[in-house]
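My request is simple: use the sequences and hints to build the entire structure.
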Amino acid sequence: MGGSAAAFAVAMGYPVARFIEPRPPAESGPASVGKVEEFPVGSVKTVLVHDRPVLISRAQDGQIRAFSAICTHLQCIVGYSAERNQIECPCHQGVYSVEGQHLSGPPPRDLEEMSVAITDGLVVVTGPIG
Amino acid sequence: MSTEERPRTGWLQDRLGWSELTASLSALRAPRRGFMFYLGGLTLFLFLVQVASGILLLLHYRPDAAVAFDSVEEIIGNIPYGSLIRGIHVWASDLFVACLIAHLFSVVIRRTYKAPHELAWLSGHAALVLGVGLAFTGAILPWSHKAYGQARIGSELARSVPIFGEAMRRFMRGGEEVSPSTLNHAFGFHVAVLPAALTLLVAAHGFFLYRKPAYVAEPGTKPVETIPLYPDFLVRQAVAWTGIIVVLMTLALFVDRPLGEAANPLAPTAAVRPPWYFLPFHQIVRSSPAELIGFNGPKFIVGAACGLGLVVIALPFVDPRGSKITTWAAWIMLLILALLAASALL
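Taken in order, these protein sequences are the chains called U and D. So in this note's numbering, spot 12 of the first sequence is number 12, and the numbers just go up one at a time. So in this note's numbering, spot 333 of the second sequence is number 333, and the numbers just go up one at a time.
Any given hint might turn out to be false.
[Stated by the list, open to error] Which residues of chain U face chain D? A few of them, derived with a C-beta cut under 10 Å, are: (1) F8; (2) P22; (3) R23; (4) F39; (5) L48; (6) D51; (7) P53; (8) C71; (9) H73; (10) Q75; (11) N85; (12) H92.
No lab work stands behind these hints, which were simulated from the structure alone. The beta carbon of each residue, even a glycine, is placed where N, CA and C say it ideally should be.
Here it is in structure tokens:
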């Protein structure tokens, strides 16, 4: 009796568990986030890459870099402050440089850098570095 | 009295077997004194209020990330009494969690978790977990920027849970990221899975208490003064329910729960404050150093809290006789939690 109940529970439970398990993202891999001209020199913009907010920073020398816009403390979304030229997390006052380096506040590490490629005049985020 | 002369209600009473039903309920006993005994009934009542108001909200709410926020705005602004129904639902959720926590502490303080009440204790804990899950998923549904931030932070805190953390995070988000899938996942659990599971648990909890009543005095102690469950205890319980309705309506009518802005994954998360029942926990995590005794600070704290939670769940087995130290520990814990919540609010 107990064995039958257990077998029934497993037979029904496994498909149910697999059914409610979150599915992998439909989109993955490299993602175009816009034309190079849309990112002027000295700007830092937030874009969405597969539902994930990403900061695209273009330095004075024209180099484009991408950082995850998710704070390494408790995963709040960070934003660029043009006034102070730094990246800030309003949740718990974490501060990063425009190069993604942790400057002050509770975050334990730098923002995660993502690899970027320029393809046919488009900025393409190709994934995390390392 | 002939059949023709009997009042019309007599027919219904006859079909329901009313006199037998009330006689069997009168035979059941409940304690005469003690506010704490009414907390379980209040929690059940607030759950029913949430079910009723939630069904009404469901008629206008649209569980789609593109329109969810607008539909809640419409409920508040354009649907007659929408603001009141939403207010009742939101405040009932807060009071429900407050009653669940107060009920838990009252059981620990009175030490009624001990044998033979292990099953009632364990089912009560499971109900607490589901109740908090119900509140958490409900907070996501408006898909406001605050709700989006709470989903991010809540699921990130869950990631620190030892062993199951990563799976819990994915499960709470409905994927790797907080996205429209998170809303769909939260909606399904909030309106179907969790209420159904909670209903079954509450029924099981009631059955366990029926089989092993919590008020029976221990051998050698003064007997507990009791009253019949029907009508005495149920009438008193109804008075408590009336009181909570007054509190609920006052809050829903006079204390606004602003919706804020629509969720925007591109905008920085505002200074999100988690729901009040997570405040002590959040306060510890946010002020913890990045590293603690060689471990990741927040992970260490969440792991320690989980360990403490397991000890509390196992209380009937760890402390089967109900030591007075447990009562003191519960009071001290309550004080610490209140101080942490207060410091988070300041």
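Taking the hints in turn, this is what the structure says about them:
For U:F8, the suggested interface contact is broken, since its CB lies about 18 Å from the closest CB of chain D, more than 10 Å. Because the smallest distance between the Cβ of U:P22 and any Cβ of chain D comes to about 5 Å, under 10 Å, the interface hint for this residue holds. Restraint check, U:R23 versus chain D: the minimum CB separation of about 7 Å is within 10 Å; hint holds. Using the Cβ-Cβ criterion of 10 Å, the hint placing U:F39 at the interface with chain D is not satisfied: the shortest such distance is roughly 15 Å.
The interface hint given for U:L48 holds, since its Cβ lies 6 Å from the closest Cβ of chain D, which is under the 10 Å cut-off. For U:D51, the interface hint holds, the least distance from its beta-carbon to any beta-carbon of chain D being 4 Å, beneath 10 Å. Taking 10 Å as the C-beta contact cut-off toward chain D, the hint placing U:P53 at the interface holds, the least distance being around 5 Å. Because the beta carbon of U:C71 sits about 8 Å from the nearest beta carbon in chain D, less than 10 Å, this interface hint is met.
Restraint check, U:H73 versus chain D: the minimum CB separation of about 8 Å is within 10 Å; hint holds. Hint status for U:Q75: holds, given a least beta-carbon distance of 4 Å to chain D, under 10 Å. Hint on U:N85 is violated. Least Cβ distance to chain D is approximately 16 Å, over the 10 Å limit. Here the hint on U:H92 is kept, as its CB sits about 5 Å from the closest CB of chain D, short of 10 Å.
This entry does not satisfy hints 1, 4 and 11, going by the numbered hints stated previously.
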